[in-house]
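Q: Okay, here's what each chain looks like letter by letter:
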Amino acid sequence: MPYRIGKYTLKMEHSPSIESYASVGSKKESEGPLAAYFDLLEPDGYFGEKTWEKAESRIQREAINRALAKGNLDPSDIDYVFAGDLLNQCISSSFGLRELGIPLFGLYGACSTMAESLSLAGILVDSGAAVHCAAVTSSHFCTAERQFRFPLEYAGQRTPTSQWTVTGGGAVIVGHGQKAPYIHAITTGTVEDYGIKDANNMGAAMAPAAASTICRYFQDTGTTPEEYDLILTGDLGYVGTGLLYELTERQGYAIHKNHRDCGLLIFDREKQPDIYAGGSGCGCAASVLCGYILPQIQRGELQKVLFIATGALLSTTSCQQGETIPGIAHLVSLAHTPLEPGDDRQCQCSCHRVGGRKGG
Amino acid sequence: MTPKEYESLNKQVSPNTKSWRTVPLAWLFGGIICCIGQGLGDLYRYLGLEEETSCACISVSLIFLAALLTGLGKYDNLAKYGGAGCLVPITGFSNAVASPALEFKSEGFILGLGAKMFVIAGPVIVYGTLASVVYGFIIWIFHLY
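Chains as they are written, first to last, in this note's numbering: chain A, -3 to 356; chain B, 371 to 515.
Keep in mind that the hints were calculated from the coordinates and are not lab data.
Among the clues, some could well be false.
Here are the simulated PhoX-like cross-link-like pairs (lysine-lysine), alpha carbons at most 25 Å apart as the crow flies [claimed, not checked]: (1) K450(B) / K475(B); (2) K267(A) / K444(B); (3) K450(B) / K267(A); (4) K444(B) / K486(B); (5) K66(A) / K23(A); (6) K66(A) / K300(A); (7) K50(A) / K23(A); (8) K450(B) / K23(A); (9) K50(A) / K475(B); (10) K175(A) / K66(A); (11) K475(B) / K486(B); (12) K300(A) / K175(A); (13) K450(B) / K388(B); (14) K23(A) / K46(A); (15) K300(A) / K3(A); (16) K267(A) / K388(B); (17) K300(A) / K253(A); (18) K374(B) / K193(A); (19) K381(B) / K450(B); (20) K388(B) / K444(B); (21) K46(A) / K475(B); (22) K50(A) / K486(B); (23) K381(B) / K253(A); (24) K444(B) / K475(B); (25) K381(B) / K193(A); (26) K23(A) / K444(B); (27) K193(A) / K388(B); (28) K46(A) / K486(B); (29) K267(A) / K23(A); (30) K46(A) / K444(B); (31) K486(B) / K450(B); (32) K23(A) / K475(B).
To list a few chain B residues with every Cβ distance to chain A over 10 Å, as calculated [as the list claims (entries may be wrong)]: (33) R415; (34) L432; (35) G498.
Even for Gly, the Cβ is constructed at its ideal location relative to N, Cα and C.
Isolated chain A, as found in the complex:
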């Protein structure tokens, strides 16, 4: 059963295992530095479908099917799937997963959905309510562009702070297995808004949320950034990363030494200049986590990793009505080894621990 430490963090009692995972990308991702790490790289942006929306649904289906196949699992083995994407009413998830027959929780956390879905899957498995849970998210450059910005062929220039939505996705199967990576803890983010209004600067809108979630995790667990091999944010990009360093440093945590951002890992800003400030989208954090990071944790090359997916909670309506852009960030603490019994340092804040530990 997960138990609370501090105000925002839940620790997993039995360290649920990420038994299987898969990542999907497309053409732009195949030109980036992580091309070798995807399970599927489809050069056709339509993924053999008729519309971009159908293509994105296909990404989710491909990701979950590949994760199931890698884990020798059948859809009927999965008790629940947590899924989300960027489109209105989360159509990529519901259309992409409708044939699988798995009970579905549809989520919207913008680009933070991978950490949100993984958190919930971890909680459900650790609580014993489910044996296997899946978490899957996706994004598609073309569907996101037309929903949030302009038509693809429109002759507008992008600003230097804008980011490139990743066409891809990732799926994770969480279970009770004895296989690295393990989920140690989760920290759920609050909505943070520092008044950014520029929809072409998502990094700046999301950085305060990332900073607050990261600092709260350190406060709740009493750990420091040095104890982790990697602090991985979802899609802050170049601008958001710079702001994150400044914001965390002001709270006394210097994270720049072991911090990386999925949006800056998946593309090369020098060689792919039209991505501007970096990659973004649910698929950015999902595909980098599932393709590049989880295998390294599994092999033990990375021992302890904090994965923080960040989301900008805007809509076209809120933007047009002149609203600011709130951000959110959820954290999942991952490790190569399961949590030792009794490895439970007291938090340094005024502890709100509830429930207490209960036997298996």
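Model the placement of chain B on the given structure of chain A, informed by the hints.
A: What follows is chain B alone, placed relative to chain A:
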């Protein structure tokens, strides 16, 4: 941190538009499009069209060329470099109508292509018309005296 402090921090971190590169490029691309227009005009007059007809033909030709390039997926690639140089001439207007038409075709010919064709150009038409009414009214007042 107040939103104001954060905004100034954001400005420090955010890269600026490289105006030393984008402005001359916009000038160059816009200039080239105007030269093509001039060249077409000269050609039409050489072929025997009258001054006024040849002017209309220039517009029609440029609109057609830009729509064609949009359809072929090339115009936005030009605009990546040309910026406002590709946006401001009549070719940009053509692109602004053709690109949503392409994009929203998947939602049907009536409510998709037909309705959403003017999502970008629509406001230009509305306020352009309104501006011309105001302009006409001012001219009319001046002509009274």
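Q: Taking the hints in turn, state whether each one holds.
A: Comparing the hints with the structure gives:
1. Pair hint K450(B) plus K475(B) holds up; C-alpha atoms about 24 Å apart against a cutoff of 25 Å.
2. With a C-alpha separation of about 21 Å, the suggested pair K267(A) and K444(B) falls inside the 25 Å cut-off, and the hint holds.
3. Between K450(B) and K267(A), the direct Cα distance comes to roughly 16 Å. Compliance with the 25 Å bound is thereby established for this hinted pair.
4. Restraint check: the Cα-Cα separation between K444(B) and K486(B) comes to about 21 Å, which is no more than 25 Å; the hinted pair holds.
5. Proposed proximity of K66(A) and K23(A) is supported: the alpha carbons are some 23 Å apart, at most 25 Å.
6. Only pairs whose Cα atoms come within 25 Å are accepted, and K66(A) paired with K300(A) is accepted, the gap being roughly 23 Å.
7. Pair hint K50(A) plus K23(A) holds up; C-alpha atoms about 17 Å apart against a cutoff of 25 Å.
8. Simply put, K450(B) and K23(A) have alpha-carbon atoms about 19 Å apart, close enough for the 25 Å limit, and the pair holds.
9. A distance of roughly 14 Å separates the Cα atoms of K50(A) and K475(B); the hinted pair therefore holds under the 25 Å criterion.
10. Between K175(A) and K66(A), the direct Cα distance comes to roughly 13 Å. Compliance with the 25 Å bound is thereby established for this hinted pair.
11. The suggested pairing of K475(B) with K486(B) holds, with an alpha-carbon distance near 9 Å, which does not exceed 25 Å.
12. Taking the CA atoms of K300(A) and K175(A), the gap is near 15 Å; set against the 25 Å cutoff, the hint holds.
13. A hinted pair counts as satisfied when its Cα atoms are at most 25 Å apart, and K450(B) with K388(B) qualifies at roughly 13 Å.
14. For the suggested pair K23(A) and K46(A), the alpha carbons sit about 17 Å apart, so the restraint of at most 25 Å is met.
15. With a C-alpha separation of about 22 Å, the suggested pair K300(A) and K3(A) falls inside the 25 Å cut-off, and the hint holds.
16. Note on K267(A) and K388(B): the hinted pairing holds, with a Cα-Cα distance of about 18 Å set against a maximum of 25 Å.
17. Of the supplied pair hints, the one linking K300(A) and K253(A) holds, its CA atoms being roughly 15 Å apart against a limit of 25 Å.
18. Under the criterion of a C-alpha separation no larger than 25 Å, the hint pairing K374(B) with K193(A) is consistent with the structure, at around 12 Å.
19. For the suggested pair K381(B) and K450(B), the alpha carbons sit about 24 Å apart, so the restraint of at most 25 Å is met.
20. The suggested pairing of K388(B) with K444(B) holds, with an alpha-carbon distance near 23 Å, which does not exceed 25 Å.
21. A hinted pair counts as satisfied when its Cα atoms are at most 25 Å apart, and K46(A) with K475(B) qualifies at roughly 11 Å.
22. Distance restraint check for K50(A) and K486(B): the Cα-Cα separation of roughly 20 Å lies within the 25 Å cut-off, and the hinted pair is therefore satisfied.
23. With a C-alpha separation of about 23 Å, the suggested pair K381(B) and K253(A) falls inside the 25 Å cut-off, and the hint holds.
24. Restraint check for K444(B) and K475(B): the C-alpha separation of about 19 Å stays at or below 25 Å, so the hint holds.
25. A C-alpha spacing of about 13 Å is found between K381(B) and K193(A), which places the hinted pair at or below 25 Å, so the restraint holds.
26. In summary, the hint linking K23(A) to K444(B) is supported, as the alpha carbons are separated by about 18 Å, within the 25 Å threshold.
27. For the proposed pair K193(A) and K388(B), the alpha carbon gap of about 22 Å is at most 25 Å, so the pair holds.
28. For the suggested pair K46(A) and K486(B), the alpha carbons sit about 19 Å apart, so the restraint of at most 25 Å is met.
29. Under the criterion of a C-alpha separation no larger than 25 Å, the hint pairing K267(A) with K23(A) is consistent with the structure, at around 14 Å.
30. Among the hinted pairs, K46(A) with K444(B) is consistent with the structure: their alpha-carbon atoms are about 21 Å apart, no more than 25 Å.
31. The suggested pairing of K486(B) with K450(B) holds, with an alpha-carbon distance near 23 Å, which does not exceed 25 Å.
32. Between K23(A) and K475(B) the alpha-carbon distance is near 23 Å, which keeps this suggested pair within the 25 Å criterion.
33. Every Cβ of chain A is farther than 10 Å from the Cβ of R415(B); the closest lies at roughly 29 Å, confirming the non-interface assignment.
34. With a least CB separation of 13 Å from chain A, L432(B) remains clear of the 10 Å interface cut-off, as annotated.
35. Residue-level check passed: G498(B) sits 19 Å from the nearest beta carbon of chain A, beyond 10 Å.
Checked against the numbered hints above, the structure violates none of them.
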